[in-house]
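A.B. asks: Chains as they are written, first to last, in UniProt numbering: chain A, 1 to 251; chain B, 1 to 251.
Rather than coming from a laboratory, the hints here were simulated on the basis of the structure. Treat the hints with caution; some may be incorrect.
Because identical chains cannot be distinguished in the list, a pair is counted as satisfied if it fits within a single copy or across any two copies.
Claimed, not checked - Derived pair list, reagent style EDC-like, types lysine to aspartate or glutamate, alpha-carbon separation capped at 20 Å: (1) 211 - 22; (2) 216 - 187; (3) 211 - 101; (4) 95 - 22; (5) 95 - 46; (6) 95 - 232; (7) 247 - 66; (8) 95 - 113; (9) 95 - 75; (10) 95 - 182.
Protein chains: 2
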Amino acid sequence: MSQPVSPPSIPAFVLVRPQMGENIGAAARAMWNFGLDHMRVVAPRDGWPNPSAVAMASGAGRLLDEARLCSDLPDALGDCDFVLATTARSRDMTKPVFSPEAAMTEAARRIADGQRVAVLFGPERAGLENEDVARANAIVSVPVNPAFPSLNLAQCVLLMGYEWRRATAEVPAVTTEMAGTDWASGEEVEHLAAHYEERLEEAGFFFPAHKVGSMKLNLRNMWSRMPMTRADVQMLHGMMRQMVRWKERGD
Amino acid sequence: MSQPVSPPSIPAFVLVRPQMGENIGAAARAMWNFGLDHMRVVAPRDGWPNPSAVAMASGAGRLLDEARLCSDLPDALGDCDFVLATTARSRDMTKPVFSPEAAMTEAARRIADGQRVAVLFGPERAGLENEDVARANAIVSVPVNPAFPSLNLAQCVLLMGYEWRRATAEVPAVTTEMAGTDWASGEEVEHLAAHYEERLEEAGFFFPAHKVGSMKLNLRNMWSRMPMTRADVQMLHGMMRQMVRWKERGD
């Protein structure tokens, strides 16, 4: 039972008495989807290592190789300062109950303070026993539909991993994909607006006379509202030029 | 293609050219886990209805019965005001890119305004085509581990459903499970503190004399910090009474 010298920068996800190897493998994948690779496995039903788990884990198989096999929960939690138990149902226990978001925010805070944090996940069929939950400092409850609360093991792991990443990674709320985007400059947009205004004027678009001002203003507003690339601007120029050519051909 | 009379209060989740029936069923379960039951299915590879989907959906089978089968994406999106496309990889498209949280907050806001919102999920192997994404108003990108970004269809549906619920349900960050809990009153805690102080005084615990004040203060602070039930208080009284009896027996 080797101990890392310094506390890890991520929580351990502890699978307690997991049953199906496929679910262990899927849990490993879900962890690694969010950058977590510290797994502990307590008394897996079908022994260890588990070939079905390895087959399912595919790209996340390393987590299984490096997982710590524990005979019981005290063995798994001996070095942990703060333990969270994921549960689907109420336990009538007097413990704090965290949302997944609050739980992973708390976990991140404690880990930054040098503590070791574990998150417990129960066996597929019945979830954690009350004796397991009694060893935890707090409960995590996922806000599922009360009429249909059945999350499977890997889904529960996925949501906790997702919240861990949200709590620790810089996740911008909204960005605009910029890759390869060459935005039109203000001058280019101005030139486009003038081009359209000139040709539409010739075409008799601005009518009646007393509405010319507001019509031009609306058109300018439209151009300035649109996030246009240089390619958009070139295309719009080309469209107008083609209309003029078509008109001049006089078909 | 019947239309509901008023806009629904939830987004439609649109599975675009899904392949495995099992994944369609798992997606239905993931939706219903978070109270979403408006599914549309565009050109499923194996036809419709799909027995494997029904078998996997179990408790969420109703979603498949009620799902709208669409021949192509324009058919599925004809009545939608705002369309979000979930993608795993960057598309070099000039569109807003939302985090799942920001996307579902925006969806909730628009739905509250009477708009119809759809969320697109691509086929398992390759995800949405660029032509599919071009029909969306915005992109949703899950902040996965760049080294291992492989979310499956049902997992992506699960995370979006989870964020929908977070955006719309009152999810308290931290609560304490109260069910069946009979908290000790302030008077009961005070009585307990006095009991311990008295007996510990007799037992010679408060020593040396110049530390008595701070020792008593620390003890009071400890009692007031502990969230104790009436049963806890009774047990603590009993423990102290037993220590006194044991002393008085003089074994």
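A.B. asks: It remains to establish, for every hint, whether it holds in the given structure.
C.D. replies: Quick rundown of the hints versus the structure:
1. 211 - 22: Neither, since 70 Å and 60 Å both go past 20 Å.
2. 216 - 187: Cα proximity of residue 216 and residue 187: one copy only (18 Å, versus 77 Å across).
3. 211 - 101: neither (54 Å within a copy, 44 Å between copies)
4. 95 - 22: Classified as neither: same-chain Cα gap 32 Å, cross-chain 38 Å, threshold 20 Å.
5. 95 - 46: neither (32 Å within a copy, 48 Å between copies)
6. 95 - 232: between (58 Å within a copy, 14 Å between copies)
7. 247 - 66: Classified as neither; 73 Å inside a copy, 52 Å across copies.
8. 95 - 113: neither (22 Å within a copy, 39 Å between copies)
9. 95 - 75: Classified as neither; 22 Å inside a copy, 50 Å across copies.
10. 95 - 182: Between copies only: 13 Å across chains, 55 Å inside a chain, cut-off 20 Å.
In this structure, the earlier hints numbered 1, 3, 4, 5, 7, 8, 9 are contradicted, and the remaining ones agree with it.
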